[in-house]
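Student: Here are the chains, one letter per residue:
There are 4 protein chains.
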Amino acid sequence: MKRIIAVCGSNAGDKNLSKEILKIAEEVGRLIAGKGGILLCGGLGGIMEAVARGAKEKGGITVGILPYDKSKANRYIDIPIETNLGFYRNYIIVNSADVIIGICGRWGTLNEISMAMALGKPVILISTSKGICELLSKKEILEYFEEKPYIVETPEEAVELAFKIK
Amino acid sequence: MKRIIAVCGSNAGDKNLSKEILKIAEEVGRLIAGKGGILLCGGLGGIMEAVARGAKEKGGITVGILPYDKSKANRYIDIPIETNLGFYRNYIIVNSADVIIGICGRWGTLNEISMAMALGKPVILISTSKGICELLSKKEILEYFEEKPYIVETPEEAVELAFKIK
Amino acid sequence: MKRIIAVCGSNAGDKNLSKEILKIAEEVGRLIAGKGGILLCGGLGGIMEAVARGAKEKGGITVGILPYDKSKANRYIDIPIETNLGFYRNYIIVNSADVIIGICGRWGTLNEISMAMALGKPVILISTSKGICELLSKKEILEYFEEKPYIVETPEEAVELAFKIK
Amino acid sequence: MKRIIAVCGSNAGDKNLSKEILKIAEEVGRLIAGKGGILLCGGLGGIMEAVARGAKEKGGITVGILPYDKSKANRYIDIPIETNLGFYRNYIIVNSADVIIGICGRWGTLNEISMAMALGKPVILISTSKGICELLSKKEILEYFEEKPYIVETPEEAVELAFKIK
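Protein chains in written order, with this note's numbering: chain A, 18 to 183; chain B, 18 to 183; chain C, 18 to 183; chain D, 18 to 183.
Quick caveat, the hints were computed from the structure, so don't treat them as lab data. Some clues are possibly wrong.
Unchecked claim - DSSO-like mimics (lysine-lysine), calculated; alpha carbons at most 27 Å apart, straight line:
#, chain 1, residue 1, chain 2, residue 2
1, C, LYS138, D, LYS87
2, C, LYS156, C, LYS52
3, A, LYS32, D, LYS155
4, A, LYS75, A, LYS40
5, D, LYS181, D, LYS156
6, D, LYS89, C, LYS138
7, A, LYS89, B, LYS183
8, C, LYS87, D, LYS165
9, D, LYS40, D, LYS87
10, B, LYS183, A, LYS87
11, D, LYS165, A, LYS156
Excised from the complex, chain A in its bound form (with noise of 0.2 Å):
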């Protein structure tokens, strides 16, 4: 069974988005696409939409959990799941992956994040991709959790743990 890499991150309009972001999402995809494993994500713009076009530069499945309708889909989801649940939705996205990788972010993202925490499934921060995801790779920010995400600085140790945890 291939392995399912949920990718978690700012929506398009996060001004923390720069290009050099966008390119840590991009080579998420094509890490993920590169060693066989299928991408999940929240299926929109910015670090969603980055992820799922380095994927399909290498051949990779994407498929986006969507909030309402599929035609919001960025054009590199191989398969719209349009859930009709609105940010609900982020709670399939977390469920349904084998492990969770987040870059950037803000309160959605921050959602899923902890809501992935909580049911004990593995995370992956990027600690360099700025947003809450630099926030939670913080030393005084941990301490305030017992159960703590693994927390990475590049796209291949980011990629690399999450084929080799649990």
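Fit chains B, C and D to the given chain A structure using the hints.
Tutor: Then chains B, C and D, alone, in the frame of chain A:
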């Protein structure tokens, strides 16, 4: 965008599931894949397994929206979505499909068909497949409902219609 | 712990909703409240409004599990739960009830009844209330299903049974 | 229509749950009930039990949206809604509330707070209650987010604001 067709029907264990009915499901799977559609189903046994087996025979893509543990997915499912939502996952199957085909079925399938009808999604029932699809094809039953499903007799008619309507 | 009884049935707009059928619903509401039960329903019009009106006449507690905006709740609902889940909210009604009573109904009610049956919840249908509750009370229909709902003819029988079973 | 106020916070077992913090929750419950609000919470232990106990002391109405089995509801819950949705039930709590008050909390509470923020619901955090509510009250954390929760220090401020805003 590829057409997403949900096939709903009995899980393994339904006494109505004769060889003939499983063959109907398999043929539906073959025809969906042959026309380039994505097969969406509940991912478990019985009709769900037969239709996925048919689709894979023709190299199609199969998505299983599972109630819980994805290790329960039948072996013809490419992309198992582990929702952890139990029967509630029925709603995601129905919402995510462009059209729904019903084969045989008991209370669970009736739950999917009735949701699809309530949502105004196009539903096609194969009347020769016993169970609730036979039942809902009867004139005296259909009279009870203002909005009615499409009734067909063969896999060919079902899949042709599934690619044609709206 | 108070018994929670869900009443499922047609929304306003169903042509079957005669004065007689709304009176059945109202009486069911009165009887549930009279016996100290909590009424759970979909919170909208038609049967949902009539049953809640009956319950409030007798000082009962009424909970409405709404698809979206709680301003759409009928005025007899004490506690409007605004799920933002659309028809998915049917599942929550059914799961949260100790027992389900069906009155009249179309596809939406059939969706609730079939979900309850699939989950193994006790279901009581009032056969004299037309719609799918009349339909599912027919012997030739019931034969299609291994697990069967309870069939009664009056509000009194329905509510008495609802407090007695399991 | 009565104001529905969700209180989110740590379940029993959180080491941060000192007597002082449980007293904060109890006082919040008392104040909500005193002003005629309906208390919505997750229905379990810790903060959820303390706030419900406070509300019942003042004769308020308490609704518990439970992950699974309603026999797990604390004894101060009037209306236990057994969703069978696990942590997904967090979404229903947040959607159904007019306003959300956070007390202490770990990943699960962070999940509720972040969902509420993503949905644009008003969120009030009691900064003196430790856990993620203390964390999210810090200036250097709040800077990470464009939309910010309200930060207060006492139960009185929290409940007064909860009845005032939008």
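Student: Hint by hint, note whether the structure agrees.
Tutor: The hints, checked one at a time:
1. For the given pair, LYS138 of chain C sits about 15 Å from LYS87 of chain D by alpha-carbon distance, which is consistent with the 27 Å threshold.
2. Between LYS156 of chain C and LYS52 of chain C, the direct Cα distance comes to roughly 31 Å. Violation of the 27 Å bound is thereby established for this hinted pair.
3. The suggested pairing of LYS32 of chain A with LYS155 of chain D holds, with an alpha-carbon distance near 21 Å, which does not exceed 27 Å.
4. Distance hint between LYS75 of chain A and LYS40 of chain A is fulfilled; the C-alpha atoms sit about 15 Å from each other, no more than 27 Å.
5. Restraint check for LYS181 of chain D and LYS156 of chain D: the C-alpha separation of about 24 Å stays at or below 27 Å, so the hint holds.
6. Under the criterion of a C-alpha separation no larger than 27 Å, the hint pairing LYS89 of chain D with LYS138 of chain C is consistent with the structure, at around 19 Å.
7. Between LYS89 of chain A and LYS183 of chain B the alpha-carbon distance is near 19 Å, which keeps this suggested pair within the 27 Å criterion.
8. Pair hint LYS87 of chain C plus LYS165 of chain D holds up; C-alpha atoms about 25 Å apart against a cutoff of 27 Å.
9. Restraint check for LYS40 of chain D and LYS87 of chain D: the C-alpha separation of about 25 Å stays at or below 27 Å, so the hint holds.
10. Taking the CA atoms of LYS183 of chain B and LYS87 of chain A, the gap is about 15 Å. The hint holds against a cut of 27 Å.
11. For the hint pairing LYS165 of chain D with LYS156 of chain A, the CA-to-CA distance comes to about 22 Å; that is within 27 Å, so the pair holds.
This entry does not satisfy hint 2, going by the numbered hints stated previously; all others are met.
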